[in-house]
Amino acid sequence: HRWMYTGWSRIAGGTFGTVYQCSVELGEPGLVAVKQMSRQSQIQDRCIFFDVFSEVACLDAIRLEKNVCQLYDYGVDDSGYWIVMKYYATTLKKWRLSLNGSLKENLP
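The opening position of the sequence shown corresponds to residue 308 in the working numbering, with each subsequent residue numbered one higher.
Hints in this document: simulated from the structure, not taken from any laboratory.
In this text, a Cβ means the ideal position worked out from N, Cα and C, and glycines have one as well.
Hints may contain errors.
Straight-line C-alpha distance at most 25 Å; calculated DMTMM-like pairs for lysine to aspartate or glutamate [to be verified]:
#1 373 - 335
#2 400 - 412
#3 373 - 384
#4 400 - 352
#5 411 - 384
#6 400 - 362
#7 400 - 358
#8 401 - 352
#9 373 - 358
#10 401 - 362
#11 393 - 367
#12 400 - 380
#13 342 - 372
#14 393 - 358
#15 342 - 332
#16 400 - 372
#17 393 - 372
#18 373 - 352
#19 342 - 380
#20 393 - 332
#21 400 - 384
#22 401 - 332
#23 342 - 358
#24 342 - 385
#25 342 - 352
#26 342 - 384
#27 400 - 385
#28 411 - 385
#29 393 - 362
#30 401 - 412
#31 393 - 352
Ranges between beta-carbon positions, derived for each pair [what the hints assert, rightly or not]:
#32 415 - 363: 26 to 34 Å
#33 356 - 406: 18 to 26 Å
#34 351 - 402: 37 to 45 Å
#35 410 - 310: 38 to 46 Å
#36 354 - 309: 16 to 24 Å
#37 351 - 318: 24 to 32 Å
#38 411 - 385: 22 to 30 Å
#39 330 - 400: 23 to 31 Å
#40 333 - 354: 28 to 36 Å
Using the sequences and the hints, build the whole thing.
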């Protein structure tokens, strides 16, 4: 399914993968965030399959919640594992830091 995503632009990266902003070729939602994680290449490398499976399972379990990041697609190919989610213009950490008052005061 990776062919559906074009204009890959790196927006973040770390120990557990790299996140890209991409366009969707087949219409909605327009922009998405694709988290790309490398597959294990050597037997002594850390196996991330369990981490990927757990993340997808959690996102799938709460997929109908409107206040949670939406999971659109996921898969594996020669380049590694990938998870496609709704694109947000900021990170959760930056959003929380921008709130005035305590977290409790900002919850509905």
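Okay, the hints, checked on the actual structure:
| no. | hint | in the structure |
| --- | --- | --- |
| 1 | 373 - 335 | holds, 17 Å |
| 2 | 400 - 412 | holds, 17 Å |
| 3 | 373 - 384 | violated, 30 Å |
| 4 | 400 - 352 | violated, 29 Å |
| 5 | 411 - 384 | violated, 42 Å |
| 6 | 400 - 362 | holds, 18 Å |
| 7 | 400 - 358 | holds, 21 Å |
| 8 | 401 - 352 | violated, 32 Å |
| 9 | 373 - 358 | holds, 24 Å |
| 10 | 401 - 362 | holds, 21 Å |
| 11 | 393 - 367 | holds, 13 Å |
| 12 | 400 - 380 | holds, 24 Å |
| 13 | 342 - 372 | holds, 20 Å |
| 14 | 393 - 358 | holds, 20 Å |
| 15 | 342 - 332 | holds, 18 Å |
| 16 | 400 - 372 | holds, 20 Å |
| 17 | 393 - 372 | holds, 13 Å |
| 18 | 373 - 352 | violated, 37 Å |
| 19 | 342 - 380 | holds, 11 Å |
| 20 | 393 - 332 | holds, 15 Å |
| 21 | 400 - 384 | violated, 30 Å |
| 22 | 401 - 332 | violated, 29 Å |
| 23 | 342 - 358 | holds, 13 Å |
| 24 | 342 - 385 | holds, 15 Å |
| 25 | 342 - 352 | holds, 19 Å |
| 26 | 342 - 384 | holds, 13 Å |
| 27 | 400 - 385 | violated, 32 Å |
| 28 | 411 - 385 | violated, 44 Å |
| 29 | 393 - 362 | holds, 15 Å |
| 30 | 401 - 412 | holds, 17 Å |
| 31 | 393 - 352 | violated, 30 Å |
| 32 | 415 - 363: 26 to 34 Å | holds, 28 Å |
| 33 | 356 - 406: 18 to 26 Å | violated, 36 Å |
| 34 | 351 - 402: 37 to 45 Å | holds, 38 Å |
| 35 | 410 - 310: 38 to 46 Å | holds, 41 Å |
| 36 | 354 - 309: 16 to 24 Å | holds, 22 Å |
| 37 | 351 - 318: 24 to 32 Å | holds, 30 Å |
| 38 | 411 - 385: 22 to 30 Å | violated, 46 Å |
| 39 | 330 - 400: 23 to 31 Å | holds, 25 Å |
| 40 | 333 - 354: 28 to 36 Å | holds, 32 Å |
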